[in-house]
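Asks: The primary structure of each chain is shown beneath.
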Amino acid sequence: MDAPKTGDFAHIGKSVVIKGELSGSEDLYVDGNVEGKIELRNHSLTIGPNGNVKADISAKSVIIQGKLDGNVNASERVELRKSAVMTGDLTTQRIAIEEGAFLKGKVDVQREAGRAAPAL
Amino acid sequence: MSSVSDNVMKFFRSSSTQSASPAVPQKLTRRSSGMGEVSRLLNSQEGLCVLDMGATSASNIRFFTGNGHKNYSEDLLCSSLDPALRIQDSAGNSVVDSKKFLEDNLVYPAAHFDVALVWNLPDYMEESLVKPTIDRLWTVMKPGGFLLAFFHTRDAGPDSTCYRYHVTGTDMLEMQEVKFAPPGRPSSEKQSPRLQRVFNNRHIENLFRDFASIKFFLARDAIREVLVVR
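Taken in sequence, the protein lines are chains B and X. Residues in the first sequence are numbered consecutively from 1, following our numbering. Residues in the second sequence are numbered consecutively from 1, following our numbering.
Among the hints, erroneous ones may be present.
With a Cα cut of at most 25 Å, we get these calculated BS3-like pairs of lysine-lysine [to be verified]: (1) B:K60 <-> X:K142; (2) B:K54 <-> X:K100; (3) B:K104 <-> B:K82; (4) B:K106 <-> B:K60; (5) B:K106 <-> X:K142; (6) X:K27 <-> B:K67; (7) X:K27 <-> B:K104; (8) B:K106 <-> X:K215; (9) B:K104 <-> X:K190; (10) B:K82 <-> B:K54; (11) X:K215 <-> X:K142; (12) B:K104 <-> X:K131; (13) B:K37 <-> X:K27; (14) B:K67 <-> B:K14; (15) X:K27 <-> B:K82; (16) B:K67 <-> X:K70; (17) B:K104 <-> X:K215; (18) B:K104 <-> B:K19; (19) B:K67 <-> X:K100; (20) B:K14 <-> B:K106; (21) B:K67 <-> B:K54; (22) X:K142 <-> B:K82; (23) B:K19 <-> B:K60; (24) B:K106 <-> X:K99; (25) B:K37 <-> B:K14; (26) X:K142 <-> X:K190; (27) B:K60 <-> B:K82.
Just so you know, these hints were derived from the structure itself, not from any lab.
So that you can see chain B by itself, here it is in the shape it has in the complex (with noise of 0.2 Å):
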C-alpha cells in the first residue's frame, strides 16, 4: 500500500521519533517511531512500512505495514499486511492477516451482534 495523501491523515514521517500518549480525532498514519500510547477512538491507525511502534493502541481500525510491539484494541478491524511484524495482544472484530505477516500473541476476535464469523 502507498503512503495516503497527507491531507487524508495526519502524517507522522519515517525520521519522527515521538514518546508519549498520542490522541486524536483524525485518522493517523505513522511511518516513524512512536514510543508509549495511542488513542484514536473514532478513527484508523495505518503503521508504514517503515512504522516501529511500541505502545498499545486504541482505535477503531488498525492497519500494520511495520514492526508492532503493544497490544491493540480495535472497536472494528485490524489488517496485519504481509510485511507486518507484530508482539503483541489483538482485540477486535474482523481481522485480516495476509501470507508472510508474523504475530506473535493472542487474537481475541469478540462478536459482532448478528454477524457469525470474523472475515479473514
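With chain B fixed as given, assemble chain X onto it according to the hints.
Replies: Chain X in isolation, oriented as in the chain B frame:
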C-alpha cells in the same frame, strides 16, 4: 571452533532448492485424526485458549476464533533460529541458550491453555530446546488439555520437506512448505529447515512422560500424529 552462522546454517538444507521450486508455493492437504480429536474438544466448548506454535496462519486464526476460541500464535521454530540465542558451552561448542529462549518465549501463566498445536516442531528444533519446551508446555497447559504433535518415522529422510499446517476443516489440514532466510542472508535465499532427528516411540513417550496419556495415529506419509493429554 565453528562460527555462529555455521551452526545456524546446519538447520537448513545444504543446497537451496530455490530454483527448483514453483513460483507459487505448493499446498497439499492431509486428513488428520489427531486434529479430528482436537476439533471434538473445540466443538464441545466455547472460549478455549488455543496455542498455535506454527507460523502465523490466517486459516488457523479464522478456524479457532470463528468457533469462539482465543488463538495464541508463537512461531517457535523461527524464534529458535535467532543468532542472539547462541552461546558457547564448556567444550566451546555453539549451542542455543535454552534458559534465554524460555525467558523470551512461551511466557504464560500456569494452566492457561486448553489446546497446544506443536505440529512438527520437535523434529526441526535444536535438540537442547525440545525437552525444556515440552516441560514449559506442561506448565502452561491446563490438566486435561490436548497437545497435538507430528513426528517423522524412520522412513523420512533428512531432506523431508518441513511443512506448516493450516486447519481447513475439523480433520483436514493444508500443508505448506516452510522456508526461512538464514540469518544475514536476503529473503530471496530462503531455504527449508532440515530434519534434525527422528524420534522413536520410546523417545516420544519419554518426552511426554509427565503428561497423563498419549495416543499415536499412524499415517501413510511417514508421519506419526501424537495426541497427548496433559
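Asks: Confirm or reject each hint.
Replies: Hint check results:
With a CA separation close to 34 Å, the supplied pair B:K60 and X:K142 exceeds the 25 Å bound. Proposed proximity of B:K54 and X:K100 is supported: the alpha carbons are some 22 Å apart, at most 25 Å. At roughly 14 Å between alpha-carbon atoms, B:K104 and B:K82 fall within 25 Å of each other, so this suggested pair holds. At roughly 19 Å between alpha-carbon atoms, B:K106 and B:K60 fall within 25 Å of each other, so this suggested pair holds.
With a CA separation close to 17 Å, the supplied pair B:K106 and X:K142 stays within the 25 Å bound. For the suggested pair X:K27 and B:K67, the alpha carbons sit about 28 Å apart, so the restraint of at most 25 Å is broken. Among the hinted pairs, X:K27 with B:K104 is consistent with the structure: their alpha-carbon atoms are about 24 Å apart, no more than 25 Å. Taking the CA atoms of B:K106 and X:K215, the gap is about 28 Å. The hint is violated against a cut of 25 Å.
Annotation: proposed proximity of B:K104 to X:K190 holds, straight-line Cα distance about 21 Å (limit 25 Å). Proximity of B:K82 to B:K54 is assessed by CA-CA distance (about 19 Å); at most 25 Å being required, the pair is judged to hold. With a CA separation close to 18 Å, the supplied pair X:K215 and X:K142 stays within the 25 Å bound. Taking the CA atoms of B:K104 and X:K131, the gap is near 22 Å; set against the 25 Å cutoff, the hint holds.
The straight-line distance between the Cα atoms of B:K37 and X:K27 is roughly 40 Å, outside the 25 Å bound, and the hint therefore fails. In summary, the hint linking B:K67 to B:K14 is supported, as the alpha carbons are separated by about 13 Å, within the 25 Å threshold. Annotation: proposed proximity of X:K27 to B:K82 holds, straight-line Cα distance about 18 Å (limit 25 Å). A C-alpha spacing of about 23 Å is found between B:K67 and X:K70, which places the hinted pair at or below 25 Å, so the restraint holds.
Taken as a hint, the B:K104 and X:K215 pair is broken in the structure, with Cα atoms around 29 Å apart against an allowance of 25 Å. A C-alpha spacing of about 24 Å is found between B:K104 and B:K19, which places the hinted pair at or below 25 Å, so the restraint holds. With a CA separation close to 23 Å, the supplied pair B:K67 and X:K100 stays within the 25 Å bound. As the CA atoms of B:K14 and B:K106 are separated by approximately 28 Å, the hinted pair breaks the 25 Å bound.
Between B:K67 and B:K54, the direct Cα distance comes to roughly 8 Å. Compliance with the 25 Å bound is thereby established for this hinted pair. For the suggested pair X:K142 and B:K82, the alpha carbons sit about 33 Å apart, so the restraint of at most 25 Å is broken. A threshold of 25 Å between alpha carbons decides the hint, and for B:K19 with B:K60 the separation of about 22 Å falls inside it, so the pair holds. Between the alpha carbons of B:K106 and X:K99 the distance comes to roughly 23 Å, so the proposed pair stays at or under 25 Å and holds.
Taking the CA atoms of B:K37 and B:K14, the gap is near 18 Å; set against the 25 Å cutoff, the hint holds. Between the alpha carbons of X:K142 and X:K190 the distance comes to roughly 37 Å, so the proposed pair goes past 25 Å and is violated. At most 25 Å may separate the alpha-carbon atoms for a hinted pair to count; B:K60 and B:K82 meet this at roughly 21 Å.
Hint violations for this structure: numbers 1, 6, 8, 13, 17, 20, 22 and 26, all remaining hints satisfied.
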